[in-house]
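Position 99 of the sequence shown, counted from 1, bears residue number 99 in my numbering, the numbering being contiguous throughout.
Since the hints were derived computationally from the structure, they do not count as laboratory data. This structure is a prediction, so every number in the text was calculated from the model and none was measured. Please note: incorrect hints may appear among the correct ones.
[Unchecked claim] Restraint ranges, calculated between C-beta atoms of paired labels, are given here:
(1) Gly63 - Arg140: 31 to 39 Å
(2) Gln112 - Gly87: 13 to 21 Å
(3) Glu83 - Gln25: 15 to 23 Å
(4) Gln112 - Tyr55: 34 to 42 Å
(5) Gly87 - Gln25: 16 to 24 Å
(6) His50 - Ile120: 40 to 48 Å
(7) Glu41 - Arg143: 22 to 30 Å
(8) Ile120 - Arg19: 34 to 42 Å
(9) Val117 - Ile86: 17 to 25 Å
(10) Gly3 - Pro145: 43 to 51 Å
(11) Leu138 - Ser4: 35 to 43 Å
(12) Ala7 - Arg46: 20 to 28 Å
For every residue, glycine included, the Cβ atom is placed at its ideal position computed from N, Cα and C.
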Amino acid sequence: MSGSVHAIAAARLAAGGSRYTRSRQALVELLGSAGCPLTAEEIVARCGRHRGSVYRNLGVLAGSGVVQAIAGYAEFTRYELDEALIGHHHHLACTTCGALTDFALPPDLESQLENAVAAIAKRDRFGASGHRLDVVGLCRDCRTP
Numbered sequence: 001m002s003g004s005v006h007a008i009a010a011a012r013l014a015a016g017g018s019r020y021t022r023s024r025q026a027l028v029e030l031l032g033s034a035g036c037p038l039t040a041e042e043i044v045a046r047c048g049r050h051r052g053s054v055y056r057n058l059g060v061l062a063g064s065g066v067v068q069a070i071a072g073y074a075e076f077t078r079y080e081l082d083e084a085l086i087g088h089h090h091h092l093a094c095t096t097c098g099a100l101t102d103f104a105l106p107p108d109l110e111s112q113l114e115n116a117v118a119a120i121a122k123r124d125r126f127g128a129s130g131h132r133l134d135v136v137g138l139c140r141d142c143r144t145p
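Please put together the full structure from these sequences, using the hints given.
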């Protein structure tokens, strides 16, 4: 993981009056290397830290804009690093198990999507600041009988 990710995380935490502790650095590392958004329980299992500590630190990281809490499907909230740290992307969302898988659109298609979002926002006098696309369905594991 690049030093700029940690620098952005540290700056965002400092702006909110929080420190970038080793525990928070470990969570940023874990989320940065996960390859997909994780539930809090998946994070606890992977990092081996106390559940309460993980939840507290996720709350601080989310409140500082380092981590995004994504309201998922199948009643699971998942966490990932903010797009400023990992880049713009979208998700494949399983409605059965709640899994979210990251994917990026080809640049020309992303541009078309941005133009469509801007047109919709303009039509409705909405001040759009970005977009997220979730493709909803069944993941490979849930489709397999």
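Results for each hint:
no.	hint	result
1	Gly63 - Arg140: 31 to 39 Å	34 Å, holds
2	Gln112 - Gly87: 13 to 21 Å	19 Å, holds
3	Glu83 - Gln25: 15 to 23 Å	19 Å, holds
4	Gln112 - Tyr55: 34 to 42 Å	39 Å, holds
5	Gly87 - Gln25: 16 to 24 Å	20 Å, holds
6	His50 - Ile120: 40 to 48 Å	44 Å, holds
7	Glu41 - Arg143: 22 to 30 Å	23 Å, holds
8	Ile120 - Arg19: 34 to 42 Å	41 Å, holds
9	Val117 - Ile86: 17 to 25 Å	20 Å, holds
10	Gly3 - Pro145: 43 to 51 Å	46 Å, holds
11	Leu138 - Ser4: 35 to 43 Å	36 Å, holds
12	Ala7 - Arg46: 20 to 28 Å	24 Å, holds
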